[in-house]
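Colleague: Per the working numbering, the very first residue in the sequence shown carries number 134; after that it's consecutive.
Treat the hints as calculated values from the structure; they're not laboratory data.
C-beta atoms are modelled at their ideal positions from N, C-alpha and C, and glycine is treated no differently.
Warning: the hint list may mix true and false statements.
Only pairs whose alpha carbons sit at most 20 Å apart, straight line, appear in this in silico DMTMM-like list of lysine to aspartate or glutamate [stated by the list, open to error]: (1) 226 - 215; (2) 225 - 209; (3) 141 - 151; (4) 145 - 236; (5) 216 - 156; (6) 225 - 156; (7) 192 - 136; (8) 218 - 156; (9) 162 - 224; (10) 218 - 230; (11) 141 - 186; (12) 216 - 232; (13) 192 - 251; (14) 141 - 232; (15) 216 - 164; (16) 192 - 139.
Each pair of labels, with its calculated beta carbon distance range [claimed, not checked]: (17) 216 - 135: 36 to 46 Å; (18) 162 - 232: 23 to 33 Å; (19) 250 - 164: 37 to 47 Å; (20) 216 - 151: 15 to 25 Å; (21) 161 - 138: 28 to 38 Å; (22) 243 - 164: 33 to 43 Å; (23) 161 - 191: 37 to 47 Å.
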Amino acid sequence: MKDFRDLKVWQKAVEFFETVVLDLEQFPKTEVVRIISGQVLRSASSISANIAEGYGRHKGAEYIHYLHIARGSTNESIDRYEKLKRLGYIDKKTFIDREGSLEEIRAMLTRMINRISE
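Turn these sequences into a full structure, and let the hints steer you where they fit.
Modeller: Right under this line is the structure:
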């Protein structure tokens, strides 16, 4: 790997971020939605950002630390989407799709963490 952008997990995380942006553009501009939208945007952005930052560290423990943060951000993003679903801003099918993408990214991060830890 020459660059963090070569990592499949980073690419998937950026694709997810792009999906979040498209989702958010569809929501009404209420105060509650604005707050939750900002939170989901930050948590989704944090996934790829922490993968990139950890890659730049090139040290086992530090890299793993940032991958753990990225993995935590997948859970945070699921939480935000759960709230959007419960408030009726997204339907169950959309939620299941977004959750599935995040679970795939989380599994990829877990495998990376386990490989680096060995």
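Colleague: None of the hints should be skipped; say for each whether it holds.
Modeller: So, going through the hints one by one against the coordinates:
1. Taking the CA atoms of residue 226 and residue 215, the gap is about 12 Å. The hint holds against a cut of 20 Å.
2. Taking the CA atoms of residue 225 and residue 209, the gap is near 18 Å; set against the 20 Å cutoff, the hint holds.
3. Distance hint between residue 141 and residue 151 is fulfilled; the C-alpha atoms sit about 15 Å from each other, no more than 20 Å.
4. Between the alpha carbons of residue 145 and residue 236 the distance comes to roughly 11 Å, so the proposed pair stays at or under 20 Å and holds.
5. For the suggested pair residue 216 and residue 156, the alpha carbons sit about 14 Å apart, so the restraint of at most 20 Å is met.
6. With a C-alpha separation of about 14 Å, the suggested pair residue 225 and residue 156 falls inside the 20 Å cut-off, and the hint holds.
7. About 15 Å separates the Cα atoms of residue 192 and residue 136, which keeps this hinted pair within 20 Å; it holds.
8. For the hint pairing residue 218 with residue 156, the CA-to-CA distance comes to about 12 Å; that is within 20 Å, so the pair holds.
9. Restraint check: the Cα-Cα separation between residue 162 and residue 224 comes to about 18 Å, which is no more than 20 Å; the hinted pair holds.
10. Annotation: proposed proximity of residue 218 to residue 230 holds, straight-line Cα distance about 12 Å (limit 20 Å).
11. Between residue 141 and residue 186 the CA atoms are separated by roughly 15 Å; this keeps the pair inside 20 Å, and the hint holds.
12. Between the alpha carbons of residue 216 and residue 232 the distance comes to roughly 12 Å, so the proposed pair stays at or under 20 Å and holds.
13. The hinted pair formed by residue 192 and residue 251 meets the criterion: a straight-line CA distance of about 13 Å does not exceed 20 Å.
14. About 18 Å separates the Cα atoms of residue 141 and residue 232, which keeps this hinted pair within 20 Å; it holds.
15. Annotation: proposed proximity of residue 216 to residue 164 holds, straight-line Cα distance about 14 Å (limit 20 Å).
16. Proximity of residue 192 to residue 139 is assessed by CA-CA distance (about 18 Å); at most 20 Å being required, the pair is judged to hold.
17. Checked against the hint of 36 to 46 Å, the C-beta distance between residue 216 and residue 135 comes to roughly 39 Å, which is consistent with it.
18. Checked against the hint of 23 to 33 Å, the pair residue 162 and residue 232 passes, with Cβ atoms roughly 25 Å apart.
19. Between residue 250 and residue 164 the beta carbons are some 43 Å apart, a value that agrees with the proposed interval 37 to 47 Å.
20. Range check, residue 216 to residue 151: about 21 Å between beta-carbon atoms, so the 15 to 25 Å window is met.
21. Restraint check, residue 161 to residue 138: a C-beta distance of roughly 35 Å satisfies the suggested window 28 to 38 Å.
22. Separation of residue 243 from residue 164 is about 36 Å and conforms to the stated range, judged on CB atoms against 33 to 43 Å.
23. The hint said 37 to 47 Å for the Cβ distance between residue 161 and residue 191, and at roughly 44 Å that hint holds.
Of the hints listed earlier, there is not a single one the structure fails to meet.
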